[in-house]
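J.: Here the sequence shown stands for residues -41 to -1, 1 to 467, numbered as in mature numbering (1 follows the signal peptide of the UniProt record, and there is no 0).
Since the hints were derived computationally from the structure, they do not count as laboratory data.
Hints are not guaranteed to be accurate.
[Said to hold, decoys possible] Between beta-carbon pairs, the in silico distance windows are:
(1) Ala251 x Ser398: 47 to 53 Å
(2) Glu403 x Gly246: 30 to 36 Å
(3) Ser222 x Gly444: 53 to 59 Å
[Stated by the list, open to error] Dumping the calculated DSS-like pairs for lysine-lysine here, alpha-carbon to alpha-carbon at most 27 Å:
(4) Lys50 x Lys171
(5) Lys433 x Lys399
(6) Lys415 x Lys399
(7) Lys50 x Lys412
(8) Lys456 x Lys408
(9) Lys410 x Lys456
(10) Lys453 x Lys399
(11) Lys2 x Lys50
(12) Lys415 x Lys433
(13) Lys399 x Lys412
(14) Lys408 x Lys433
(15) Lys235 x Lys2
(16) Lys453 x Lys408
(17) Lys410 x Lys453
(18) Lys171 x Lys235
(19) Lys456 x Lys50
Don't be surprised by glycine CBs; every beta carbon is placed ideally from N, CA and C.
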Amino acid sequence: MAMLKNSQKKRSTTGGFAGLFRKIALTIVAGTFFAASTAYAAKQAGIVIDANTGKVLYNQDSGGLRYPASLTKMMTLYLVFEALNSGKLTKSTPITMSAAAAGQAPTKLGVRAGGTFTVEQGILALVTRSANDVAWAFAETLGGSVPNFGKMMTAKARSLGMRNTIYVNPNGLPDDRQLTTARDQAMLGVALRQHFPQYYSYFSVRSFRFGKQVIGNHNHLLGRVAGVDGIKTGYTRAAGSNLATSARADGHSIVVVVLGERSAGARDARVTELVKRYLPQSSNGRGNFVIARSSPAAPQPLAIPAPVQSAAAMASKPVEVASASADLPPAAVPAPPAEINRIDQAFGDAPRKQAVAEASNDDDEDASPVKTAFAAPQAKSPAKAVSETEEKEEKEVAKSVSKSGDDSEDEDGVDNVTTASTSRSKDKGWTIQVGAAPSKELAEGLLDKAKAKGGKVLRSADPYTVAAVSDGAKIYRARFSGFRGQDSAVNACKALKRRGISCWASLE
């Protein structure tokens, strides 16, 4: 009997040690996986850049990898604006809400599956409510599927110089593969302003009406902090409270990005402090910081891979970029090829760890492929694509004039991107268009204003107007001719834009 008791005690002790070892092992494994999946979670990062010169005025781990949360929608909107410019979409194009889109977590616009919203309503819903369902529907429409749209987003990020950003969904809801840096988001903020001045004002909309809803903007700094004119808020538990914002006053221009704040209030307070401190220190309209603009994003293989590393390793050794008072690099630097890279890993072309599920609302803001006519953009020559853009935009101006009965014209109603297009001009050769108006007198006023502000840039140019009919409404294009060639016209237009004159270069 004594031997039996000793044997049972020995087995009990052995079993106890075995159970303890199993618990320790499970704890270590779970802890390792948790550390890897939260390596980027809610760590502060920030940057302030002078949007005129690209100089970094403030830097806090701006190259450290973080989760973007709803700042993701800035890139979704970039691709929507690009589709508007190319003519693939118009502001009135209906977008269908699929079941997958309608099933996204809040915050949402709330359109039922099978229902529709217009492109303009979708833009406003992303800017104000940060609607996750709308972002998903845009992705399905433009990319054919959400995974394909994620590749388009990532490819566009690389082309803009966003070296360390990977997108896998269009709304920023939790996915541990979706990563960015404060520096990359600042680059995107500048690119949105530079490449789409005709659409950028959407980011400053305080509220809009959708059906019976009046939807307010989650960016609390609009109207409260002098100079702030956008851009986007974001929040998930892992990301913390994020904000990318733009501020302009008296020729000064900065973009501020803050990531990983503990609350929306702390985030707003920090960004307010940075704007008030660094906006006066920025340059006063001098400089020529330009982010290169590529052709519209298409679902093509990504050519700039980054070496794969563990989450813990990347968090302990974040990718460093320019320090304070250094110039922000304007272009991407290709990383060396790797047998397995983070981009392939993110899109399922190489083994990856399963994402950790996280239920979360998007900010204090509170996968079946869908084939559409807008998937897989067809290649066009730059001249043809921009010519179609010009006509689309002028039709929008004509519609606006026709509905309002107003004889005045706002320059922002016209596509003013500096690029090449095909149009009819007074003389054969390259011209510059500075706007369009519903009357010849107002168009001539645009010319006079441009000539006065342009100085020597337009001293030898010939001003003229061209009448056109768009959607039954007559408009007048305000143009200058007499340029020696493409380089001359494009460089003149760049100089005018630095003086605050919207324009594009075009070829007859």
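J.: Which constraints among the numbered hints does this structure fail? Numbers only, ascending.
T.: Numbers 1, 7, 11, 12 and 18, in rising order.
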